[in-house]
Every structure is written in C-alpha cells, then in structure tokens.
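*Asks:* If you want the building blocks of each chain, they are given just below.
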Amino acid sequence: MTLVNDVPFDRRERGTRKAERQPGGAKDTPTYYGHPALKAAPWGWLVWSYIFVAGTAGAAQVIGTAAQLSGREDLKPVRDNGRIIGMLGALAGAPLLIADLHTPKRFYNMLRIFRSTSPMSIGTFTLLSFSGFTGLTVLPQALRRLFPFWRGKKAVETVADVAQFPAAVAGLGMTSYTAALLSATSSPLWAAAPKELGGRFAASSVASGAAALALVEELNDRPANARLLGKLALVATAANLVFSRLSRLKYRERKVEAAIDADPATATAYRAATVIGVGVPLFCLGVSLLSGRHSRRLSLTASLATLAGGLLMRKAVMQAGENSANNSAISLTFAREDGGRGELPPGARPLIPAEDGTRRRRLH
Amino acid sequence: MREMTGIITVVQEGRFRLVADDGRSTLFVLSPSARLEPQDLTGLQQAERRVTVRYRDDRGRIAGLAHDIVPPRSGPTRSQAAA
Amino acid sequence: MTEAWDTAKPWISKSAGMIEGSLHPRVLDYTDSFIDEVIPNESELTAGVTIEPGKSYGFFTDTTLCIGCKACEVACKEWNQLPAEEQGMSGMSYDNTRGLSSSTWRHVTFVEKVDREHTDDMQPFQSNWLMMSDVCKHCANAPCLEACPTGALFRTEFDTVVVQQDICNGCGYCVPACPFGVVDLDMSDGKAHKCTLCYDRLKGGLEPACAKSCPTDSIQFGEWDDLYERAQERVEDLHERGATNAYLYGTPGAPGATGGLERLQAFFLLSDRPEVYGLPAAPTRPSRRVAPALGTGLATAASLALAAIFLFSGKRR
Ligand code: SF4
Chain A
1 MTLVNDVPFD RRERGTRKAE RQPGGAKDTP TYYGHPALKA APWGWLVWSY IFVAGTAGAA
61 QVIGTAAQLS GREDLKPVRD NGRIIGMLGA LAGAPLLIAD LHTPKRFYNM LRIFRSTSPM
121 SIGTFTLLSF SGFTGLTVLP QALRRLFPFW RGKKAVETVA DVAQFPAAVA GLGMTSYTAA
181 LLSATSSPLW AAAPKELGGR FAASSVASGA AALALVEELN DRPANARLLG KLALVATAAN
241 LVFSRLSRLK YRERKVEAAI DADPATATAY RAATVIGVGV PLFCLGVSLL SGRHSRRLSL
301 TASLATLAGG LLMRKAVMQA GENSANNSAI SLTFAREDGG RGELPPGARP LIPAEDGTRR
361 RRLH
Chain B
1 MREMTGIITV VQEGRFRLVA DDGRSTLFVL SPSARLEPQD LTGLQQAERR VTVRYRDDRG
61 RIAGLAHDIV PPRSGPTRSQ AAA
Chain C
1 MTEAWDTAKP WISKSAGMIE GSLHPRVLDY TDSFIDEVIP NESELTAGVT IEPGKSYGFF
61 TDTTLCIGCK ACEVACKEWN QLPAEEQGMS GMSYDNTRGL SSSTWRHVTF VEKVDREHTD
121 DMQPFQSNWL MMSDVCKHCA NAPCLEACPT GALFRTEFDT VVVQQDICNG CGYCVPACPF
181 GVVDLDMSDG KAHKCTLCYD RLKGGLEPAC AKSCPTDSIQ FGEWDDLYER AQERVEDLHE
241 RGATNAYLYG TPGAPGATGG LERLQAFFLL SDRPEVYGLP AAPTRPSRRV APALGTGLAT
301 AASLALAAIF LFSGKRR
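Residue numbers (the numbering used here), protein chains in the order written: chain A, 1 to 364; chain B, 1 to 83; chain C, 1 to 317.
Derived from the structure by calculation, the hints contain no laboratory data.
Errors might be hidden in some of the hints.
Listed next, with one range per pair, are the computed distances between beta-carbon atoms [claimed, not checked]:
id, chain 1, residue 1, chain 2, residue 2, range
1, A, Arg151, B, Gly43, 54 to 64 Å
2, A, Leu246, B, Arg59, 41 to 51 Å
3, A, Leu91, C, Arg155, 54 to 64 Å
Where is the CB? At the ideal position from N, CA and C, for every residue including glycine.
Chain A on its own, in the form it takes in the complex (with noise of 0.2 Å):
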C-alpha cells in the first residue's frame, strides 16, 4: 500500500502545477482556476473508428439498395458490395464498441431497456437491426459459397431483397446517431453545432460508402461503376464542404473554435482531414469529369483520400470535443448564453468599470 509520503517526488511533482486558464472561451469569463468545469468523454480511437465503420457500412447498404432499385445488371456487384461491406462494418462495430466499455462482460444491459432520449441506446438498437437486416441481405452470396449446388436460392435471394430495404433504413441511422451521439452531450464543440455535426457526418458517411464500392469496381475493371460512384462520392463531398464550413462558423460565434486549436495535434488532424477527404477528392474527381475521360489512378486516389479523410475527421472533431470541455474559458463561455439564461440576478452579473476607476456590477 502506498502512503502519501511514499510517492516518489516526482510523481507528486506532476500534480504540483496549478492550473491555468486556456486561451478562448471570452476574455471576461472568469473561471475556477482554469481548472476544468466538464468531464470529457472517456473514449478513446475505439470509438472515432467505430463512428467511421458505421458511417461507411449505413452508406454502402443505402447505395446498394439505390444500385438495387435501378434493376439494372451492370449494378448488380455494386448491390452485392453493399452488402459485404455493410456487413464487415457491422462484423467490427459490435466489437469495436464493447471493447471500448470499461466493465465490457456487462454489455448486455445495453439492451436491458431502450431510452430515446439516449443517442448511446439509439444506436445500440440502430447496430442491432442494421446487422440483423445486413445479415440477410449477405445469405445468397453466403450460400452460394457454401453450398454450390444447393437449390432454392430463389427464395433466400427474395429474403435478401427484401431485406435490403430496412437494412438501408438502418443504414441511414447508422450514418447520422453518432452526430446525434456527440451533440447530446455538454462538451461545447459538440453541442455548439448539433444540425451541422449531424450533415456533415450523414455527408461524410455516404462518401465513405460511395468511396469504398467505387475502390472495389475499379479494382475489378468496371470503370463504369466506379465513374458512377464517383459521382455520387463528388456529390456528397461537396456537401460535406458545406456543412463543414457551416459549423466552423457556428464555432466560431458559439466562440469554442480555439478548441480546435488548443493543441497540435489535433489542429493538424482538422486540417489534414479537411484537405485530404475533401480537397484531394474534389479536385481528383472535378478532373476526371471535366476531362471526360476516366482516369483509373484519379479514381483510385479519390477513393482512398476520401475514406482516409472521413477516418481523420472523426478522430479530430473528437479530439476537440474533449478539448472544449478540458477548457473552462471555453466551456464556461458556452455556457453563458446556452441555455437562454433571461434575467440574471444582480450578483451573477459581470462587473462593469465604473468611472472612479473601479469596477461594479452591472445593475441590469
């Protein structure tokens, strides 16, 4: 057992430095000692990842349905992809996100209830029919493997399409919950732009999803398919631009943009992320259309940035999410305004100077 005497100095040391305020937030919050105000969430690559898997997995089924409701032959592979990569996606995010839980051989009470105000519940049921319905959706091509000469693959193939449909319904919450999952909370960077967060994760998710299936067109020689989806990958890339300059302007008057920037790595990651998902796919894409012609290289690097990106991004506004709530200018800042405070009584007022040069409360 250790004793407070028997820390070793420079252990004790560490704990030895006051805390001290951050830069942002406004410069005429006080805080605490600049000690934090709010807990960050306690998650950690688990979790970014996991919102990226779900993201690309929720899209490739909605394409696939879209590929399936054309009826046309020539997308039968990009249906059928749908549903692989829908179905890897659910395969690694089940375990994805029990490893992240602290006590993980309690998992099962997540479905001891269901509790809508809860985006972590929501989503549980989300995953759970998502791979459910995937499941089905994966049965032909299964059994095909399996089972070479097994007959009534019709009916299971009618199982499948049908399935297809809530798959994608699903599919779409598995795009956009972890938006609502991150703006639910009281960390200021997530809470400052929840309509945002939520377009930009739909956006970027479907870009992954289009990204993902155009790589395995062009790496099967269907150009054409992957000249397809790259389309609908340039589509959602321009509006994952929008929403994301959306909410650096909300960030910027909710005044949590410093989070961003409060360290290093996290301000790199930000901008790599926006660089790499959006400004290398849209410049790659934009060519290959203007040019008319279909460039393998283009497509594949297009491909590649766009899932790199979509990754980087969840791991950074993460990051500054957790910065944003470590930061008590910030989160004290936030708070002000948040909740609509009305009237605030006298002694909750910030002081004003006055003109004998001292400085009063604010008397209304």
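Position chains B and C with the ligand relative to chain A; hints supplied.
*Replies:* Just chains B and C with the ligand now, kept in the frame of chain A:
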C-alpha cells in the same frame, strides 16, 4: 499480485474495507475483471469469514485494486486462535 | 436558550415535530455519548425532517455560511469508503482536491478575492474569500440519467439520481452528458460514480453525511419545497443586511436551472458570478440536441440516397 488476509468489515458499492490479521485496515476497490460483483461483497461482510484478497496498488489513490477474493490462504496466527 | 435557538436556526422546519424554538423532544432520549443502536428517524433530530419515500429531497448549500473546513469532504469519503487521491499541492488556494471526481463527491472551492478593485464590492462575511461545497446537483431532468443506455442511472424514491453499480457497464456516456462535470468514470473499477445523496442513509432515516457534519449549516438537507422556502428567506434577509449580491443558483428560473433543466435538487446560494465557482451560468439539457442532429443527418443521408437513385437510373441495363 499481492495478497492480504482478513475480514471484510465495511462495504460500499464496489469498495470494501479489509481488517487484516495484523489489525490494519485497508480500503479496496473491486476490479472489473474480478469474478465477484459488487453485490456479492455484502454477503462476505455479513458472513464475517476470513478471506484472502489478491490485489495490486490502485495507481494514484490510496487503495488496493482487488482482482480476486478467495478463501483464506493461511490460518489465523496463534495469538488470534487463542483469543 | 429558547431565544438563542430561534435566532441561530430560524429556518429549522417546524413540520417534523420540532417544538418551536426548542430542541426536538426525542433528543432527551439520547443523552449518552455512546449509543448502541441506530436512532430511529435520526434525521428528525439532526435536520428536522422525516425521511419518507415518495417525497422530494435535496440539499440547499448556502455558500455564505461556508468556512471551508472540508468536514463535508471528509464525512463523505468516510461514509462512502471513497479512496484518497495522491494529488500533491495544486497551488489553488487551500484547494488540493481540485474538483469532483469518481472518488470525491463533495468538493470545497476556495476563491481568494484579494483584488483591490473588488474590496468595495465585497460583503463583510467570509473576509474576501468565497468558499463553496460543490456536489452533484441531482437535476430534475438529469442529463446523465437521460444519456444512460443501461438504466444504471435511475431516479430514486427520494427524487435523487443514483448510479446502480450492479448494472453500469462503464460506457462513459453520462460523463460528457453532465452539464456540471460531476459524474466520472473510475478507470480502476470501470464504472461511473457520483454522489448518491447518501441513498443508503436516506433509506435508514439518516441525514446525508455531509449535511450532518457541516458545522455551520452551510449544507442543509431537507424536503425540496422546505429548502426552497428557507433559501428564499435567506436571500431576502441577506439583501436586507446589504449583501445584495446573494442569489440562488439552481432554483426554477434562476441561473443553473436553465435550458430545460427546470430545477436542481441540490441548489446553492451564491454571492458572485457562477463562473467564479466553476459553475455554468446557463447550462442546457443535452437531450434537446438529439432531434436536430439526428434529423439533419437523416435528411442529408436520405437526400444523397435520392441523388444515388437519380444517378443510377441511367440508360444502360
Ligand atoms: S449534476 Fe450531473 S451527475 Fe448530477 S444529476 Fe445532474 S447531470 Fe447527473
């Protein structure tokens, strides 16, 4: 992993106090990997039976992190048996 | 004696069998220093309130009475068997505790107002120091509870908010949900922890440990409506005595109970801006943001799905 043998005297949620055979009392926190659950601790406390706690130091806090609670590894000392 | 008692604790509830201006009659049954039984309904003797399930309880923390003795911190740790942290010196006045955490459920803040410009602005009490014993607010619309996907966080029969340790799986979502930075994940035992408003003591008819130990009655425990009435009287009294900065935090319509939070079961009387104590002036209920985020997301994804259907509806078959 270290061991301490004694009687569990107080239980709160997943935390418990163990009075060791030498009379010193130590606070433990139940690790999530332990086979026991917080709700099992009350039973042990009420039974007042000697147990051995296998633990590590809980970093940054003055408590042990209990990984397992097992039947006592050693008998009571002679003076205790006499008492 | 009668007189003194009356002026010292004019706010003591008269409803719980308290004889006006005197001790509770049952006090005379327990005059020994050592009592070998639990006093039935002890809270009647110590807080003037009978604890019954189904009623709404809370804390009224009057910071103008706090002397920073940290008896509440110690009593809380002791009763709840919370481990001590090895924290060293913080450099934040006498506050080496720094904040609430998974193993600290009461925390006394120390604000030294030595700024010359403030002196004419200060009230004579607390000699230019502000102290406040912070705690979980047990919000009426508790964001932690609304965020909890397992139902581990629940509202008790005393209208308080508690984490059930046998259910919590340590997902950590309640942590960023709390607008006051209270609930915390213990990385050692993998579960969320926070003040339970001494749920076990309430069930046994005892006043919460912090309130019982508070020597100045800065922390008062009682039925919420009673406390609110007392608090309003206290503010009026302070205003009359010239301390016009005093105001309530966490009562309906006041700072702290904003943005859909309605009211805090544990509310405070403050005499400076909430931020000075590290409290948010106008927090919100995070669940309000579920619909905007999810709605915009779903609409965006659905529009892009339509774009895909449009793109795919080309000529080739
Ligand atoms: S203050 Fe935080 S931890 Fe306490 S009830 Fe409110 S949201 Fe939950």
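*Asks:* Hint by hint, note whether the structure agrees.
*Replies:* Tested hints:
{"no.": "1", "hint": "A:Arg151 <-> B:Gly43: 54 to 64 Å", "in the structure": "holds (59 Å)"}
{"no.": "2", "hint": "A:Leu246 <-> B:Arg59: 41 to 51 Å", "in the structure": "holds (43 Å)"}
{"no.": "3", "hint": "A:Leu91 <-> C:Arg155: 54 to 64 Å", "in the structure": "violated (37 Å)"}
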